[in-house]
Every structure is written in C-alpha cells, then in structure tokens.
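Add chain V to chain Z, keeping to what the hints say.
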Amino acid sequence: MNDLLLLSPEIIIAVTAFLVLTLDIIWKGDRRSAVILPWVTVAGAVAALLAVVYIWPAASDTYGIATDTGNFVPMLALDRLAIFFKILAVLTVALVGLSAVDFIAQRSPFRGEFYVFTLLAGLSLMLLSAATNLVMIYLSLEFLSISSYVMTAYLRRDDRSVEAAIKYLLYGAVASGVMLYGFSLLYGATGSVDLATIARRIGESQVSLTFVVSAVVMILSGFGFKIALVPFHQWSPDAYEGAPTPVTAFLSVGPKAAGFAVLIRVLVVALPEYSVNWTAILSLVSILTMTVGNLVALWQTNIKRMLAYSSIAQAGYMLIGLAAWSAEPGGWAGNGISGILLFLFAYMFTNLGIFAVAIALENQLGTANIDDYAGLIRRSPYLSIALIIFFLSLIGIPPTGGFMGKLFVFGAAIDRGLYILAGIGILNSVISVYYYFGVVRRAFFVEAEDDTPIRVSPALNLVVTVTMIMTLLIALYGQPFINLANSSAQILAAAF
Amino acid sequence: MPSDYVPILIYLLVATFIAAFALVLPHYLGPRRPNPAKSDTIESGKLSYGDARRRVPVQYYIVAMVFILFDIEVLFFYPWAVLFWDLKWYGLVQIAIFAFLLVESYIYIWKKGAFKWK
Numbered sequence: 001m002n003d004l005l006l007l008s009p010e011i012i013i014a015v016t017a018f019l020v021l022t023l024d025i026i027w028k029g030d031r032r033s034a035v036i037l038p039w040v041t042v043a044g045a046v047a048a049l050l051a052v053v054y055i056w057p058a059a060s061d062t063y064g065i066a067t068d069t070g071n072f073v074p075m076l077a078l079d080r081l082a083i084f085f086k087i088l089a090v091l092t093v094a095l096v097g098l099s100a101v102d103f104i105a106q107r108s109p110f111r112g113e114f115y116v117f118t119l120l121a122g123l124s125l126m127l128l129s130a131a132t133n134l135v136m137i138y139l140s141l142e143f144l145s146i147s148s149y150v151m152t153a154y155l156r157r158d159d160r161s162v163e164a165a166i167k168y169l170l171y172g173a174v175a176s177g178v179m180l181y182g183f184s185l186l187y188g189a190t191g192s193v194d195l196a197t198i199a200r201r202i203g204e205s206q207v208s209l210t211f212v213v214s215a216v217v218m219i220l221s222g223f224g225f226k227i228a229l230v231p232f233h234q235w236s237p238d239a240y241e242g243a244p245t246p247v248t249a250f251l252s253v254g255p256k257a258a259g260f261a262v263l264i265r266v267l268v269v270a271l272p273e274y275s276v277n278w279t280a281i282l283s284l285v286s287i288l289t290m291t292v293g294n295l296v297a298l299w300q301t302n303i304k305r306m307l308a309y310s311s312i313a314q315a316g317y318m319l320i321g322l323a324a325w326s327a328e329p330g331g332w333a334g335n336g337i338s339g340i341l342l343f344l345f346a347y348m349f350t351n352l353g354i355f356a357v358a359i360a361l362e363n364q365l366g367t368a369n370i371d372d373y374a375g376l377i378r379r380s381p382y383l384s385i386a387l388i389i390f391f392l393s394l395i396g397i398p399p400t401g402g403f404m405g406k407l408f409v410f411g412a413a414i415d416r417g418l419y420i421l422a423g424i425g426i427l428n429s430v431i432s433v434y435y436y437f438g439v440v441r442r443a444f445f446v447e448a449e450d451d452t453p454i455r456v457s458p459a460l461n462l463v464v465t466v467t468m469i470m471t472l473l474i475a476l477y478g479q480p481f482i483n484l485a486n487s488s489a490q491i492l493a494a495a496f
Numbered sequence: 001m002p003s004d005y006v007p008i009l010i011y012l013l014v015a016t017f018i019a020a021f022a023l024v025l026p027h028y029l030g031p032r033r034p035n036p037a038k039s040d041t042i043e044s045g046k047l048s049y050g051d052a053r054r055r056v057p058v059q060y061y062i063v064a065m066v067f068i069l070f071d072i073e074v075l076f077f078y079p080w081a082v083l084f085w086d087l088k089w090y091g092l093v094q095i096a097i098f099a100f101l102l103v104e105s106y107i108y109i110w111k112k113g114a115f116k117w118k
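Chains Z and V, in that order, give the protein sequences. The first sequence begins at 1 in this note's numbering and counts up by one. The second sequence begins at 1 in this note's numbering and counts up by one.
If you are wondering where the hints come from, they were derived from the structure by calculation, not from laboratory data. Just so you know, these numbers come straight off a predicted model, no measurement behind them. Wrong hints could be hidden among the right ones.
In silico SDA-like links for lysine to any residue, alpha-carbon gap of 25 Å or less [stated by the list, open to error]:
| id | chain 1 | residue 1 | chain 2 | residue 2 |
| --- | --- | --- | --- | --- |
| 1 | Z | K28 | Z | V40 |
| 2 | V | K111 | V | K46 |
| 3 | Z | K28 | Z | E142 |
| 4 | V | K111 | Z | F18 |
| 5 | V | K88 | V | F76 |
| 6 | V | K112 | Z | T452 |
| 7 | V | K46 | V | Y28 |
| 8 | V | K112 | Z | R31 |
| 9 | V | K111 | Z | L23 |
| 10 | V | K111 | Z | G29 |
| 11 | V | K46 | V | A64 |
| 12 | V | K116 | Z | S108 |
| 13 | Z | K28 | V | F115 |
| 14 | V | K88 | Z | L5 |
| 15 | V | K112 | V | K88 |
| 16 | V | K111 | V | Y78 |
| 17 | V | K112 | Z | L5 |
| 18 | V | K46 | V | V56 |
| 19 | V | K112 | V | D71 |
| 20 | V | K112 | Z | G366 |
| 21 | V | K111 | V | A96 |
| 22 | V | K112 | V | K46 |
| 23 | Z | K28 | V | F76 |
| 24 | V | K112 | Z | D159 |
| 25 | V | K116 | Z | R156 |
| 26 | V | K116 | V | A99 |
| 27 | Z | K167 | Z | L295 |
| 28 | Z | K167 | Z | P109 |
| 29 | Z | K28 | V | L101 |
| 30 | Z | K28 | V | K88 |
| 31 | Z | K167 | Z | L5 |
| 32 | V | K88 | V | L101 |
| 33 | Z | K167 | Z | G177 |
| 34 | V | K111 | Z | G478 |
| 35 | V | K112 | Z | R32 |
| 36 | V | K111 | Z | G366 |
| 37 | V | K112 | V | V58 |
| 38 | Z | K28 | Z | F18 |
| 39 | V | K116 | Z | V150 |
| 40 | Z | K28 | V | K111 |
This is chain Z alone, in the form it adopts within the complex:
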C-alpha cells in the first residue's frame, strides 16, 4: 500500500480539525458551532476508525513509514501495537467530544475551538504511540503536551483553570527537559536515534550499566510525567481539579495511554538487553504509584481530585504488566504487554463513563464535590446504576472490564514469579474499595437535601450508555477483546 494511504487515519483527523476550525470562523462561533461541530468531530473520528480497520491487514511486524526514502530513517511504525493505540485515540476523541457538548456551550465563548484541540490532541496520541525514533517521540510528545496545556487553560476567565495549566506547563517543561537529556545519553552511547538501531549497537558494544540505568531513569521522568507515575505525579491532582471536566476526562485517558505505548516501545525495542535492570526500577515505581495513589485518594472530597489519585493508582497496576515483561512468550496471561492493553481498553471506557456522569452532575449543580452524589438514586436512577458499574470496574470486580484487565496484568506477574508485586497490587485494590464505594454509598444510602431530577442531555446519555455497555461487554464477551490485546502486543522491531 501507498505510504499516504497508510497514514489515512492521521490525515482524516487533521482534515477534520481544519474543517471544524473553518466552520467555526464562518459561523463566528454562534449557536451552530456549539451544536453541529461536536457531531462533525464524531463523524471525523468514526471515519478515522474505519480507515484504521481498512489499513489493519497492512500492519505487520516489518513495516515502518520512512520519511526520507534515500536514507531510510524510519519515523513511524505501523505495527499491531500502533494500530491498537490508534483505535484507542480515535474512541477517546469521539467520547470526549460528545461529553463536552453542553459543558463547553455553557461555560466558554469559544465553542468550536475546543473540538479542534480535542482532534489535534488525538492526532498527537496516534503519532506518539507509533513513533520509533527518539526525535519523532520528542516532537509528538511536545505536540501532545502543548495541546493539553491549552485545553487545561480552556476556561480562561476561571482562575483555577489557568492555575492548573500553569502548574501543568511548569512540570511538563522540566520533565521533558530531563527526558531529552536521557535521550542524548542514549544517542551519545550508540550514535543513533532509531530505536531498533540503538538496540543493535548496544548488543554489539558493551555500554556501561550506570550509563543505561541513568538514561532509563531520565527517560522515565518524561514518560512518567505523561502517565502520572509517582515521583512525577504532583501536577496531576491540581491539573485534573482545575481543568474543565471534559478535558480532565481526556487527560486521564489519552496521554496515559500514549505514555504507556511509548514507554513499552522504548524499553522493549531499544533496551531489551537490560530488561533485568528496568524491570527492577519499574517494580519499585509501580509499588510506589499504587500505594501513594490509593492512600491519598482516601481523603479527597472533590470527585475530580479523587479520580486523579485513582487514575494514578490505576497507572500503577498497569505498570505491573510491563515489569512482568519478558522476551520469551508467557503462559496463559501473555507476556505482560497484552495485559496492559486489555487493562487500558477497559480503563478508557470506564473512566470516560465516570467522567460523563460527573459532567452531567456538574452541568446541573455547578460543583464537583463528592457530597453532591448524595441521594443520586432518587435524582437519576440510570446514572446511579452506571456509576456502580464503573466503580466495580475500577476496583476490578467481575463482571466488568476492569476485572479482565487486572486478571491478565496480575496473572502475568504471578506467571513470572513476581508474587510480592502482585500481592501489593491486590492489597491496593482492596484499599481502593473504600473510596470508590464511598461515592456509591452516598448515591444510594444518604438522603439528598434536594430531590430535583438530574436532566441528562442526549449526547451525554449516549456516552454513558456506550461506555457502560463496553465495560460490561469486555468481561461478558471477552474472547474477541483478549484476542485483540494478544495480537496487538506484537511490536515492530526491525531495523531499516
């Protein structure tokens, strides 16, 4: 297939972004911008999804997209892993776009541009998860960061939104600086920016261990910032709380997924020789991330802040999968990476669903406190049922997608004999029941001061329904999703 055709999902998303921008100027941001543009965004995302399905057969273990045919410097890989994250990015864009309709129309005079930024951030997710070159990784990471900063500061008259964006920007600048230094160490040691070539050069000449370990730690600071792993997580509660809620929904899913994609790619493709060392580092980070995220989440009174700490903890569980990675094929639970992919897929639907419920409440009440959920069963039975399913999924109780994710991630760890890591993960899941079900307890057993029903707009209703069905489907009809995750764990590792 033609190179341009292979890039068609990215091209469709970019064209849609510019179409939305043009329509927004023509309509001068009036009522039509607020009502029609979200659906244009969703149409673009669906078209990109179809394009992903169309190029699926072309994805292989050997195909990369070179930018310069003379020199063969591969920039983007088109492997199963990249395809998987393209699907994830497109679905995130569609669901976030739909759940933002009323929120943005009520609060911001700039209604059209929000969808432009959502689309462009989605584009950067696709590029980042396919990048096989340190330069391309850095460029797409910055593309994602800058789109996220602007989205965080979207309510520019709101002090907390601006404060959140400034904190995010400062942390992000430092983290990406440190990460670049790590890249330069790798480049200095091997003389190449291509991941596969780096792996080959490391195999040929003995690079000293201190060198590699310091490079990995520095690179981890950049990716860990995107994923919100524990020593690099301080920005996330503030940014999540201050950002407009649909943006928080995006931040808790999109950058986390792309961060995992690029972390997996760099470690597995470029540094498999040192997997003993980086699995040790990752185990430690994973334990810290789970424990700190869960323990701090216990004390939160704001739902967005609580979900920030919860998503930190979830990232900790996912990291177990990467710590359990090994080059030889694993047992029934796969090689760890397939567990991460299944976990991410379930986590995306679950978290976007919870945020859709939170947006529905915030649209009506104007606040995002956990106490607002008191008596939700009387005010909106449907949202309460959805909420309990999503929280079951985050805890990891069947029959929900979160259970399948945790089963495969913890299973891979036990397969590899990492009993302590899996044990701490299970212990943390138990702790998390307290704060997840704290919300459910209020919704079902606490009397509300005010019994007016919550009105939910059709778009939000659609998001809640779709995410709820998918969360259940991943567990109840799991085999296709398990197969998808297993086949997506193949990573392009050929040098050009």
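Positioned in the frame of chain Z, the structure of chain V alone reads:
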C-alpha cells in the same frame, strides 16, 4: 568511552576556577564605596524609572508572536525551492497543501481579531 571526555572535565574545572577566582578575590581585596548612581541598574545608558513589576500593554506581543510563528513556517519553503525541479509535481502539491494550511491559519487569526489594536 568515558575517558574521551576527560578534557571536557578539565576544561569545566578550569572555567569554574577562573570564574570563582575573578568573583571571590575582588570581593575581599577591592575597596567598596557605593553611591546611588553606582548601585543603580544599567541599561545602555538609559535612566531607570519606576518598578519592574507593573502592567505592560500586551497587544504588541500577539503580533510579535504571530510574526515569529509565520517567520519560522516560511523557512520550510527554502528546502522545497532548492529541490523544486527534483520534487516535480509531488513536491508542488505538498507545498500547496502546506501553504493552504498557513493561509487558513492566517485567516483564522485575522477573523479572531488578533490584529485589532484595542
């Protein structure tokens, strides 16, 4: 090899030493007779006034920022112009798309009123 970097390390040590030497020694040896003119801020002979933390009109910065963006974007035309005959129609179509995106962003900035001097 790490040993290749030893000259850089020596260079760094010497530079640090010279800088420290030039700062510390005058501090202890030199005479100090401050007066208001001496301790004032120097900026190319202009007299200083007021506080540095005051409001500045921001309109110009938008224009400056947009200028820098477009200035850098235009750089992409040079490599294309140099390879114009080699790239043929393929290159022409690519640069046309690029130029279209530039013009569209320009119209966007214009319609959003970034050039209005309010």
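Evaluation of the provided hints:
1. Z:K28 / Z:V40: 16 Å, holds
2. V:K111 / V:K46: Roughly 39 Å separates the two Cα atoms, so the pair is violated.
3. Z:K28 / Z:E142: 30 Å, violated
4. V:K111 / Z:F18: Given that 25 Å is the threshold and the Cα spacing comes to 15 Å, the pair holds.
5. V:K88 / V:F76: 17 Å, holds
6. V:K112 / Z:T452: Given that 25 Å is the threshold and the Cα spacing comes to 40 Å, the pair is violated.
7. V:K46 / V:Y28: 31 Å, violated
8. V:K112 / Z:R31: With a Cα-Cα distance of about 17 Å, the restraint between K112 (chain V) and R31 (chain Z) holds, given a limit of 25 Å.
9. V:K111 / Z:L23: Holds, at about 12 Å.
10. V:K111 / Z:G29: Status holds; Cα separation ~11 Å.
11. V:K46 / V:A64: Holds. K46 (chain V) to A64 (chain V) sits at ~24 Å (cutoff 25 Å).
12. V:K116 / Z:S108: OK: K116 (chain V) and S108 (chain Z) at ~21 Å, within 25 Å.
13. Z:K28 / V:F115: Answer holds: K28 (chain Z) to F115 (chain V) is near 17 Å, not above 25 Å.
14. V:K88 / Z:L5: 20 Å, holds
15. V:K112 / V:K88: 36 Å, violated
16. V:K111 / V:Y78: 28 Å, violated
17. V:K112 / Z:L5: Since the Cα atoms of K112 (chain V) and L5 (chain Z) sit roughly 34 Å apart, the hinted pair is violated (cutoff 25 Å).
18. V:K46 / V:V56: Given that 25 Å is the threshold and the Cα spacing comes to 18 Å, the pair holds.
19. V:K112 / V:D71: At roughly 20 Å apart (the allowed maximum being 25 Å), D71 (chain V) and K112 (chain V) satisfy the hint.
20. V:K112 / Z:G366: It is violated: about 29 Å lies between the C-alpha atoms, which goes past 25 Å.
21. V:K111 / V:A96: This hinted pair holds, its Cα atoms lying about 22 Å apart.
22. V:K112 / V:K46: 38 Å, violated
23. Z:K28 / V:F76: Distance of about 31 Å is beyond 25 Å: violated.
24. V:K112 / Z:D159: Roughly 23 Å between the alpha carbons, so the hint for K112 (chain V) and D159 (chain Z) holds.
25. V:K116 / Z:R156: Holds, at roughly 20 Å.
26. V:K116 / V:A99: 24 Å, holds
27. Z:K167 / Z:L295: 23 Å, holds
28. Z:K167 / Z:P109: Holds. K167 (chain Z) to P109 (chain Z) sits at ~24 Å (cutoff 25 Å).
29. Z:K28 / V:L101: At roughly 19 Å apart (the allowed maximum being 25 Å), L101 (chain V) and K28 (chain Z) satisfy the hint.
30. Z:K28 / V:K88: 39 Å, violated
31. Z:K167 / Z:L5: Violated - the C-alpha atoms of L5 (chain Z) and K167 (chain Z) are around 39 Å apart, more than 25 Å.
32. V:K88 / V:L101: It holds: about 20 Å lies between the C-alpha atoms, which stays within 25 Å.
33. Z:K167 / Z:G177: It holds: about 16 Å lies between the C-alpha atoms, which stays within 25 Å.
34. V:K111 / Z:G478: Roughly 50 Å separates the two Cα atoms, so the pair is violated.
35. V:K112 / Z:R32: Cα-Cα ~17 Å, so holds.
36. V:K111 / Z:G366: 32 Å, violated
37. V:K112 / V:V58: 16 Å, holds
38. Z:K28 / Z:F18: 15 Å, holds
39. V:K116 / Z:V150: 22 Å, holds
40. Z:K28 / V:K111: 9 Å, holds
Violated hints, in rising order: 2, 3, 6, 7, 15, 16, 17, 20, 22, 23, 30, 31, 34, 36; the structure is consistent with all others.
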